[in-house]
Amino acid sequence: GAGVSQSPRYKVAKRGQDVALRCDPISGHVSLFWYQQALGQGPEFLTYFQNEAQLDKSGLPSDRFFAERPEGSVSTLKIQRTQQEDSAVYLCASSLWSGPSGNTIYFGEGSWLTVV
Amino acid sequence: AQTVTQSQPEMSVQEAETVTLSCTYDTSESDYYLFWYKQPPSRQMILVIRQEAYKQQNATENRFSVNFQKAAKSFSLKISDSQLGDAAMYFCAYRGDSNYQLIWGAGTKLIIKP
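Each protein sequence line maps, in turn, to chains A and B.
If you count the first sequence from 1, position 23 lands on 23 in the working numbering, and the numbers rise without skipping.
If you count the second sequence from 1, position 11 lands on 11 in the working numbering, and the numbers rise without skipping.
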């Protein structure tokens, strides 16, 4: 596609419910990132994929968070047993290759999660 | 660990005037990249300008320019001829040359007064 696409754009979940957030990166992009952005703050890194390999998941806040990218394109971020502190915008980003040098990162519009 | 600090939670400027947003960072790396991103209410992060640390010349993109002071670890954004469409959150971000993570500041809300 022309840009990074995320769905759903808005999700209201009841506390304890499981949610799945989808990211469709720009076609051909090797690298894919997930960030969490709480209200009034900058984004915080969650996890990084290079093709289908999850090379870094150090930012995932708990074992309730799980991300996958099985075929090296679309990625899903799953949150189990949602808590109110999970309420945030979840930003997905992709870049053409894996090296950081000269590598522009493109962001989607985010998935707004509200846990009630 | 690297950190990025934006000390101005909010700035306002009259339309057509110039405004400067501040950013400082802390790192022990010698090679890195610095970015300014714009985030409108839609929440999509849009790259405004980037600076490679090894370049002495300040980056410029149309009305947007930076003042990069490597020794002082300062990276400010100047917006000239401010337009109503410039109103947004502005985030400063850092990326090490050997890393893929972006380290973000807390953001500055820019208000444009007509």
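Read the hints as simulated data drawn from the structure, not as lab findings.
Check each hint, because a few of them may be wrong.
As the list claims (entries may be wrong) - Here are the simulated DSSO-like cross-link-like pairs (lysine-lysine), alpha carbons at most 30 Å apart as the crow flies:
#1 A:LYS78 to A:LYS14
#2 B:LYS109 to A:LYS11
#3 B:LYS55 to B:LYS70
#4 B:LYS73 to A:LYS57
For the pair supplied as a hint, LYS55 (chain B) and LYS70 (chain B), confirm whether the alpha-carbon distance does not exceed 30 Å.
Given pair LYS55 (chain B), LYS70 (chain B) holds - Cα atoms ~10 Å apart, limit 30 Å.
Take the C-alpha atoms of LYS109 (chain B) and LYS11 (chain A), compute the straight-line distance between them, and say whether it is at most 30 Å.
At roughly 25 Å apart (the allowed maximum being 30 Å), LYS11 (chain A) and LYS109 (chain B) satisfy the hint.
When you check the alpha-carbon spacing of LYS78 (chain A) and LYS14 (chain A), does it fall within 30 Å?
holds, 15 Å
What's the verdict on LYS73 (chain B) and LYS57 (chain A), does the C-alpha distance respect the 30 Å limit or exceed it?
holds, 29 Å
Comparing the model with each numbered hint stated earlier shows that all of them hold.
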